[in-house]
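J.: Each chain, written out:
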Amino acid sequence: MYRAIMPNVENPTERTLAGLAINDPMAIEELFTSEKVRFDKQLAAKHPDEVNYTLMKNAWLGRKAGVLTLITENWLKSAPPALKPIVGQSLNQLKRHIEESLETFRVAAEKGSEEVASNRDRVDLSLPGVLRPVGSHHLIRQVFQEIEDIFFSIGFSVVEGPEIETPYYNFEALNIPEFHPVRDDMDTFYLELPKGAPTPLLLRTHTSPMQIRTMEKQKPPVRVIVPGKVYRRDNPDATHSFAFHQIEGLAVDTDITFCDFTGTIEYFVQQFFGPGVKTRFRPSYFPFTEPSVEFDVSCPFCGGTGTAAGGGTCSKCKGAAWIELFGAGMVDPAVYGFVNYDAKKVSGFAFGIGIDRLAMLKYGIDDIQIFFQNDVRFLRQFP
Amino acid sequence: MKVVYNWLKDFVDVTAPPQELASRLALSGTNIAGIENGPHGAVIDAEVSSNRPDCLGHLGIAREVGAIYKLPLKSVSPKPAESAAKTSDAVNVEIQSPELCGRFTARVIRNVKIQPSLKWLKDRLEASGVASISNVVDVSNYVMLELGHPLHTFDYDKVRDHKIIVRRAKPSEKMKTLDGVERQLAPDKDRQLDSGICMISDGDGSRAVGIGGIMGGAETEISFSTKNVLIECAWFEPISIRRAARFLKLHTEASTRFGRGADPEMAELASRRAAELILQLAGGELLAGVVDIYPGKRAPKKLRVTRAEILRVMGADVPDKEVEASLSALGFAPVRIDQNRGAEGSLLAAWECTQPSWRAEVEREIDLIEEIARIYGLDKFPPRLPAARQGAARLPHYEAETRLRDRLIGLGYREILTIPHVAEERDALFRPGGISPARLSNPLSEEANVLRSTGLVTMAAALEWNVNHGQRNVRLFEIGRHYDLTSRKNDEPEPPILTIGATGEAREKNLYDPAREFSFADLKGDLDSIGELAGGFAWRDGGAEWLHAARRGSVVLGANELGSAGQLARRVAEKFKFRQDVFLAELELDPLCTAYLAAKEARRYEPLPRFPAVERDFSLLLPDGTHFSDVVKAIRSLNISEISNIEAADLFRGKNVPAGKYSLLVRVTFQSREATLTDTQIGDYSGKIIAVLEKQLGAQLRAQ
Ligand SMILES: [Zn+2]
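Protein sequences appear in the order of chains A and B. Under numbering that gives the first Met the number 0, the first sequence has 368 at position 369, and the numbering climbs by one with no breaks. Under numbering that gives the first Met the number 0, the second sequence has 504 at position 505, and the numbering climbs by one with no breaks.
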């Protein structure tokens with residue numbers, strides 16, 4: 000039993016190893032272990048605060064009379080050469096243990112002192128911080144961006160075009176000759192012409208002229224979307240503005256079919272409204288697409304039931320369970336004739352999404368005019 | 000078009016309830032606005048698209064129903080009893096303008112008794128939303144709603160010489176239509192000789208008794224004293240009808256149907272059907288035969304559709320039976336003509352079809368494919384997402400614009416979008432000289448009669464709106480376009496601009512800080528933060544006229560003047576009734592974005608200095624009119640490479656500062672890349688700086 004040979008002394012660190020009659024490695028380890036235990040006991044008995052931390056630090060790590068200094072002086076320096084390595088090694092271990100324990104003690108002491116700080120100094124979390132003024136994207140711009148990103152991710156480039164257009168691009172090249180009944184549905188703003196202007200000028204009634212301008216410049220494959228402002232001479236009310244926003248889409252290639260068209264539109268809608276939304280294509284009529292469709296989604300607000308969550312008719316789809324989103328279709332072969340594409344070899348699809356309506360639907364806005372008033376109380380709601 | 004459910008049953012034995020029928024119609028191409036259940040049963044409100052005039056009658060809708068449900072269409076073949084006397088002896092018709100009127104049929108019924116209609120007829124008209132007038136007039140409306148073909152009845156005895164001449168309107172011709180309005184049918188002689196309006200006239204042709212295909216005349220109208228009736232059932236050329244209706248601003252049920260393209264073959268049948276109903280309701284005797292002038296008769300067109308093209312366009316197959324069933328039901332009489340006739344599903348399958356007279360707009364293979372697809376069901380073509388063949392590109396300045404936007408938003412500006420239509424006199428407040436505005440020839444109002452020449456006019460309006468609605472602290476920006484016809488290039492979008500507006504407090508009062516009003520320095524700092532992205536702006540004296548003369552500047556980037564910035568001039572602010580300072584700036588966007596890209600490409604890492612920087616402050620008294628830039632220039636002229644920064648740290652006038660001078664605290668930072676600077680070196684540089692400022696600018700160093 001090593002303990003039996005351990006000298007029973009008050010403070011062994013004040014004596015040399017020889018004075019303690021220790022001369023084998025095992026006894027040395029025992030000696031250091033007892034010092035470690037002594038330190039741990041002392042530390043555990045003390046409440047973690049700054050005073051006790053300083054006290055303990057001086058007692059054990061103090062440069063003049065700290066325990067570790069004594070051990071260095073009394074045990075290490077006078078140790079016989081054979082035992083010096085083991086004493087040094089044990090001393091280092093003890094030192095590391097003390098330093099680490101004291102650091103933990105210090106952290107605990109600091110935390111404790113903050114906790115007891117007076118209520119007077121404590122922050123009132125219900126008071127506001129300093130809010131630096133931050134701006135925001137216009138809601139329409141946010142929706143544009145979201146839609147652009149979705150189509151960009153499936154290979155659609157973004158292009159822009161003029162808002163002041165000629166009747167050729169706005170109507171004729173889109174297979175809408177003069178006196179076509181469809182022109183009656185698109186009340187058009189015309190511009191007073193400068194003297195000698197060769198053609199009449201108008202404000203585009205849709206972003207579709209860019210279908211023509213794009214195909215004039217580029218051979219297939221074509222995949223573009225065209226965000227922009229469009230104009231119709233409608234008297235303003237809650238659902239009509241004489242300026243509004245559209246995104247045109249056009250894809251033309253040697254192998255694009257109706258299935259590719261519906262697949263692309265479905266992909267877009269599920270990205271925009273979420274995967275639970277069902278889609279439906281109804282045959283329709285536009286002079287520049289054939290077959291033409293109106294595109295509906297199952298009402299995302301009532302889950303396509305037509306019934307509002309609290310009972311009663313869903314206000315968004317008015318009970319119809321479907322919401323008409325936009326018109327689209329396969330590009331009419333007549334359009335290819337205007338841009339020197341071979342209608343026998345290429346096919347494609349086009350669509351025109353009304354952005355304002357989409358934003359109104361998604362965010363429950365009941366007056367289109369609010370988009371253009373730019374009231375900061377509105378802008379602030381869409382940070 | 001109001002579709003009366005029970006009326007459909009005259010032509011097709013439909014059993015599906017109205018609601019289901021309506022939704023099937025919607026999914027095959029007839030847009031449904033709603034269903035009403037009234038006293039006469041269900042009425043489906045169908046929004047018939049402009050390419051489907053055949054669906055502007057119950058027969059046409061019934062044909063659609065037959066195609067959808069694969070039900071046969073009942074034939075319409077009225078056989079009214081005829082008297083011995085011949086129609087051709089009673090009425091004479093001459094078409095002088097066959098390019099406007101392709102067919103004109105006439106029938107005569109003698110000794111009718113004009114009286115109110117019977118209930119069943121009144122009910123159907125009422126369900127269709129048409130007022131009942133008298134039995135004969137009601138019959139013409141009824142036949143139009145039934146067969147989709149408009150017709151007109153004359154009081155036979157009021158038609159002079161019992162002769163009808165169909166001709167073009169004469170210059171300055173006028174007539175009174177049966178709505179009692181006196182109408183001018185062609186412009187005055189000197190302007191345009193021919194309006195291309197088709198007139199129905201009587202006798203020697205000098206008197207107009209109707210506007211062909213649009214409205215009858217008042218003088219030959221049926222009245223309760225009418226004894227003998229002349230039934231006109233004709234066909235008019237669609238484009239001329241649309242022009243005429245627009246010219247006259249007169250849109251009627253008849254002009255809608257003829258304008259979209261009525262069925263020329265239907266004219267005689269509809270006339271016969273009307274005669275049958277008049278005999279039934281008003282009695283009388285129908286003269287034998289019909290006067291039928293038909294210069295526009297054409298042989299039916301042959302069309303072809305192939306399976307190969309169906310597959311190429313639609314991307315999925317349609318079985319032979321479905322192709323044939325849908326085309327047959329719609330009247331296209333498909334016949335297989337390929338070598339593999341009889342082989343189900345052959346890839347070489349081809350059908351020859353005959354264009355029915357009521358579907359003039361179906362002229363091409365693609366039109367037939369649309370017919371097949373919509374009856375077969377669009378949901379039968381499985382969606383698939385096609386792979387992209389090439390990379391996608393953003394707009395050329397997408398990245399630059401995004402960075403600009405994000406920075407402006409970080410600086411506290413909210414993005415706005417505006418409508419470019421503004422009042423001319425407001426536009427003029429901001430319009431640069433030498434530009435004439437893009438003026439609308441048909442504005443909705445004088446408040447919106449030109450397209451803005453600059454975004455400032457709409458920006459000022461947005462600030463105005465906010466201030467007027469109690470929002471006094473506002474910072475806005477817009478990336479938009481400005482419009483100018485004089486410098487317009489045909490293919491390019493209108494030039495983009497960045498417009499900035501701010502008013503009110505730069506910092507609102509809060510728990511910790513006092514409020515501070517937005518100032519020119521805020522605007523300049525914000526603009527310079529943007530400029531940093533593009534290599535940095537320079538500022539020059541100048542700036543636009545609409546700015547306050549003492550608080551404005553022009554913003555320069557490289558060799559380009561990008562625009563102006565400053566405080567809105569009092570004179571302009573008063574027009575908007577602004578009672579607080581307003582700050583505006585507008586920059587051309589394209590050069591800014593181009594410079595952004597160039598600056599980005601030129602940007603290189605600069606190693607961080609390893610030696611400490613030393614700051615020295617120089618408290619100077621400078622003569623008024625000396626600019627900070629003069630101070631910087633003088634110090635830079637020393638070419639001391641260790642000067643890393645020169646900034647204005649404090650500025651004041653007044654107390655303790657002599658008149659004609661101001662006090663400027665200039666902070667100079669010294670830093671060497673080679674070594675720590677010694678006090679001696681700093682002292683030496685400082686001495687040189689003081690000397691050069693004294694010499695070049697007459698600066699005095701204040702005691703510190
Ligand atoms: Zn709903």
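Read the hints as simulated data drawn from the structure, not as lab findings. Heads up, the beta-carbon is just placed ideally off N, CA and C, and yes, glycines get one too. Honestly, I wouldn't trust all of these hints.
Coverage of chain B stretches by chain A, computed from C-beta distances (three or more under 8 Å per stretch; other residues unrestricted) [to be verified]:
{"#": "1", "stretch": "168-174"}
{"#": "2", "stretch": "209-218"}
Derived lysine-lysine pairs resembling DSBU-like cross-links, with alpha carbons at most 35 Å apart [to be verified]:
{"#": "3", "chain 1": "A", "residue 1": "LYS361", "chain 2": "B", "residue 2": "LYS1"}
{"#": "4", "chain 1": "A", "residue 1": "LYS343", "chain 2": "B", "residue 2": "LYS320"}
{"#": "5", "chain 1": "A", "residue 1": "LYS194", "chain 2": "B", "residue 2": "LYS300"}
{"#": "6", "chain 1": "A", "residue 1": "LYS194", "chain 2": "B", "residue 2": "LYS1"}
{"#": "7", "chain 1": "A", "residue 1": "LYS343", "chain 2": "B", "residue 2": "LYS248"}
{"#": "8", "chain 1": "A", "residue 1": "LYS315", "chain 2": "B", "residue 2": "LYS379"}
{"#": "9", "chain 1": "A", "residue 1": "LYS317", "chain 2": "B", "residue 2": "LYS8"}
{"#": "10", "chain 1": "B", "residue 1": "LYS1", "chain 2": "A", "residue 2": "LYS317"}
{"#": "11", "chain 1": "B", "residue 1": "LYS523", "chain 2": "A", "residue 2": "LYS228"}
{"#": "12", "chain 1": "B", "residue 1": "LYS300", "chain 2": "A", "residue 2": "LYS218"}
Pairwise CB distance ranges (calculated) [unchecked claim]:
{"#": "13", "chain 1": "A", "residue 1": "LYS194", "chain 2": "B", "residue 2": "ARG578", "range": "37 to 45 Å"}
{"#": "14", "chain 1": "A", "residue 1": "HIS96", "chain 2": "B", "residue 2": "LEU510", "range": "22 to 30 Å"}
{"#": "15", "chain 1": "A", "residue 1": "THR306", "chain 2": "B", "residue 2": "PRO97", "range": "33 to 41 Å"}
{"#": "16", "chain 1": "A", "residue 1": "HIS96", "chain 2": "B", "residue 2": "LYS508", "range": "42 to 50 Å"}
{"#": "17", "chain 1": "A", "residue 1": "TYR189", "chain 2": "B", "residue 2": "ALA130", "range": "51 to 59 Å"}
{"#": "18", "chain 1": "A", "residue 1": "ASP236", "chain 2": "B", "residue 2": "ALA130", "range": "44 to 52 Å"}
{"#": "19", "chain 1": "A", "residue 1": "TYR189", "chain 2": "B", "residue 2": "PHE627", "range": "50 to 58 Å"}
{"#": "20", "chain 1": "B", "residue 1": "ASN91", "chain 2": "A", "residue 2": "LYS344", "range": "37 to 45 Å"}
J.: Confirm or reject each hint.
T.: Evaluated hints:
no.: 1; hint: 168-174; result: violated (count 0)
no.: 2; hint: 209-218; result: violated (count 0)
no.: 3; hint: A:LYS361 with B:LYS1; result: 33 Å, holds
no.: 4; hint: A:LYS343 with B:LYS320; result: 26 Å, holds
no.: 5; hint: A:LYS194 with B:LYS300; result: 47 Å, violated
no.: 6; hint: A:LYS194 with B:LYS1; result: 49 Å, violated
no.: 7; hint: A:LYS343 with B:LYS248; result: 41 Å, violated
no.: 8; hint: A:LYS315 with B:LYS379; result: 28 Å, holds
no.: 9; hint: A:LYS317 with B:LYS8; result: 30 Å, holds
no.: 10; hint: B:LYS1 with A:LYS317; result: 21 Å, holds
no.: 11; hint: B:LYS523 with A:LYS228; result: 31 Å, holds
no.: 12; hint: B:LYS300 with A:LYS218; result: 34 Å, holds
no.: 13; hint: A:LYS194 with B:ARG578: 37 to 45 Å; result: 43 Å, holds
no.: 14; hint: A:HIS96 with B:LEU510: 22 to 30 Å; result: 49 Å, violated
no.: 15; hint: A:THR306 with B:PRO97: 33 to 41 Å; result: 59 Å, violated
no.: 16; hint: A:HIS96 with B:LYS508: 42 to 50 Å; result: 56 Å, violated
no.: 17; hint: A:TYR189 with B:ALA130: 51 to 59 Å; result: 38 Å, violated
no.: 18; hint: A:ASP236 with B:ALA130: 44 to 52 Å; result: 29 Å, violated
no.: 19; hint: A:TYR189 with B:PHE627: 50 to 58 Å; result: 53 Å, holds
no.: 20; hint: B:ASN91 with A:LYS344: 37 to 45 Å; result: 56 Å, violated
Of the hints listed earlier, those the structure fails to meet are numbers 1, 2, 5, 6, 7, 14, 15, 16, 17, 18, 20, in rising order.
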